[in-house]
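Asker: First to last, the protein sequences are chains W and H. Numbering of the first sequence is given in my numbering, commencing with residue 1 and proceeding in unit increments. Numbering of the second sequence is given in my numbering, commencing with residue 1 and proceeding in unit increments.
Be a bit skeptical, because a hint or two may be false.
Below 16 Å or equal to it, Euclidean Cα-Cα: the simulated EDC-like pairs (lysine to aspartate or glutamate) are [claimed, not checked]:
1. H/K172 to H/E230
2. W/K213 to H/D82
3. H/K256 to H/E241
4. W/K29 to H/E165
5. H/K256 to H/E238
6. H/K110 to H/D326
7. W/K221 to W/E188
8. W/K221 to W/E199
9. W/K221 to W/D148
10. H/K256 to W/D21
11. H/K256 to H/E165
12. H/K172 to W/D307
13. H/K233 to H/E165
14. H/K79 to W/D21
FYI, nobody ran anything at the bench for these hints, they're computed from the structure.
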Amino acid sequence: MTATKAPTEPPQQRVVRRPGDRVFAGSAKGSGIFILLVLAGVAAFLVSEAIPALTAPPEDIPGGEGLAGYIAPLVLGTLLGAVLALVVATPLAVGIALFVTYYAPRRIAAALGYVIDLLAAIPSVVYGFWGLAVLAPALVPFHVWAADHLGWIPLFAGPASTSGRTMLTVGLVLAVMILPIISAIAREVFSQAPALHREAALALGATRWEMIKMAVLPYGKSGVIAGAMLGLGRALGETMAVAIVLSGGAGATLNLISSSNPSTIASNIALRFPEATGLGINTLIASGLVLFVITLAVNMLARWIVDRRADFSGAN
Amino acid sequence: MSTSTQSAPQVAPESQGPVPRRRHLPRYAPLGLYAAGIAVGALLSLLTGFSIALTVVYGAVLGTLAVYIGSRAVEGRRKATDRLVTALVTTAFGIAMIPLVSLVWTVLDKGLARFDGAFFSNSMFRVVGEGGGAYHAILGTVIITALTAVISVPIGLLTAIYLVEYGSGRLKRAITFFVDVMTGIPSIVAGLFAFALFTLLFGNDVRMGLMGAAALSVLMIPVVVRSCEEVLKLVPNELREASYALGVPKWRTIVKVVLPTAVAGLGTGITLAVARVVGETAPLLITVGLITGTNLDPFDGRMATLPVFAYYQLTQPGTATQAFLDRAWTAALVLIILVMALNVVARLISRFFAPKTGR
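In isolation and in its complexed conformation, chain W is listed as follows (with noise of 0.2 Å):
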């Protein structure tokens, strides 16, 4: 489509270049140069607020063990948690993408996808709010028996939260928030599997789950990758939703079923920054960034995943 235009232009306009292109061809591409002025705006102004935290004395950041005493804990709370809420979502989200592409009847497909479709749309401090009222009571039984049972593995540890206020049900609720992220993706690339690859799985006698095991999956893996990356990203910097379930706040520790646990970054700001003054808004701006830091990481490596595996979808 693009190729056909491009060449056909650029000799000609410019000879007659009217006034009226010029001025919105401008404020075009001003407006997008504009938006990476943002983003490096982002960067700059988090790093000159940062700078305070980050050469004063460390008996003077809050907590008195310096900055990275700080941040580090923080930062194991934000990987676990989001850690978790992957572990539990992509299997998930594949198995629903699966579901909604090749399983579910045709004429309804559409309707539940826009339905898993609404688990995005529902804000962030809403799922906060049902974290704390009804998933958290919930797994409390849980706690206690993976306490009694699973108290060998260290992340069991317990001894088990009675509110369930705890980094499990912080990593549950993280994962139903992120689940239609993955499956969104997953369900993109799944129905893109070259139908002449299924349709020949199917002559050759495969079952329905062979076809999928033989010709989608492995055409959707890097998709599934990207999304799950996606979804870590969307983890990592969930702000509500923990800080109103987590009861945080205590050292570093894998433990994900007792209640003294380490908050994650973007809750500790959220809980803090209304009251934080001086020295102790510039820590919190230092850990932002650090946050800022780790999500874009995570988002340009799942971008150039994205990014490649375009290169390879022309093949049919």
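Starting from the structure of chain W, add chain H where the hints point.
Answerer: Here is chain H on its own, set in the frame of chain W:
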């Protein structure tokens, strides 16, 4: 399709003919087996003290197992694996439905208590116990969201036009890539950005609605760009070429031909982008804050917004706890209704403004 894959031993002596008859489960047998598994699961959880969660877990596991074993006994390994995956995949979908249903039910159940006229007509000014409402917060959300849209839509739309109609080479690739990256910026970081920007511009302790709008714009612009770009790409090139052939300048072609053709998709995309930011809490929490009175001036002082209102009502209840919780849940309900309404509007736009031409 050899007989060796069949596990039922009594079939073997009969398979003299060239093509052995394969045994199939009746059409509704897998469904029945699954239901039987769930029933056993419910019974099992009933024995150990009934709970819905346990029923679901036992039922899903036993139902899947029942389908697999039943099919394995009758139809053989390959078919059984196929049925196992079908059961697993369907179970995955069912599990995903649980939070959605549970969430909507909970919010409806708890939110309807205060879903009354006072909630929409009163603010929280001088309210410490029961009564009060979210009048100020709803107006604040509308104002800040409108301001966000005013900032984001022109920039996002123009960028999309640049990417589709003008862009080429390295700048286009850079913008595409970084817009994608920008969609992944955590909302709290966008809030910190707006805070840092306005602190540098206006000094410390500045709070105004515009800050929130700036933060939300960082989140909304990439969404607008992406959806508008996809839509503009769908406009057939023949339309543009026909316009050029008549001597119409490029900018008029875009304004009079390309944009009207794509107007349905653009409306849908922009509405969905608004729906995405209307429920954002974190950036508003750290930029706009919350007040109890009504402030309708987004250029001066703190404003109340619905998500932040809901958050504080839930987490910092006063002495009359239940009144605060009721208001929080009602605010959450209003928020969900708002987002769902925007989603429905987006669907309607794409249905009623779709171009009449066949593609």
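Asker: Give a verdict on every hint.
Answerer: Hints and how they fare:
1. H/K172 to H/E230: Cα-Cα ~15 Å, so holds.
2. W/K213 to H/D82: Distance ~11 Å between W/K213 and H/D82 Cα, so the pair holds.
3. H/K256 to H/E241: holds, 13 Å
4. W/K29 to H/E165: holds, 10 Å
5. H/K256 to H/E238: holds, 14 Å
6. H/K110 to H/D326: With a Cα-Cα distance of about 7 Å, the restraint between H/K110 and H/D326 holds, given a limit of 16 Å.
7. W/K221 to W/E188: Distance of about 12 Å is within 16 Å: holds.
8. W/K221 to W/E199: Given that 16 Å is the threshold and the Cα spacing comes to 19 Å, the pair is violated.
9. W/K221 to W/D148: With Cα atoms ~38 Å apart, W/K221 and W/D148 exceed 16 Å; violated.
10. H/K256 to W/D21: Holds, at about 13 Å.
11. H/K256 to H/E165: holds, 14 Å
12. H/K172 to W/D307: holds, 15 Å
13. H/K233 to H/E165: Holds, because 9 Å separates the two Cα atoms, which is no more than 16 Å.
14. H/K79 to W/D21: violated, 64 Å
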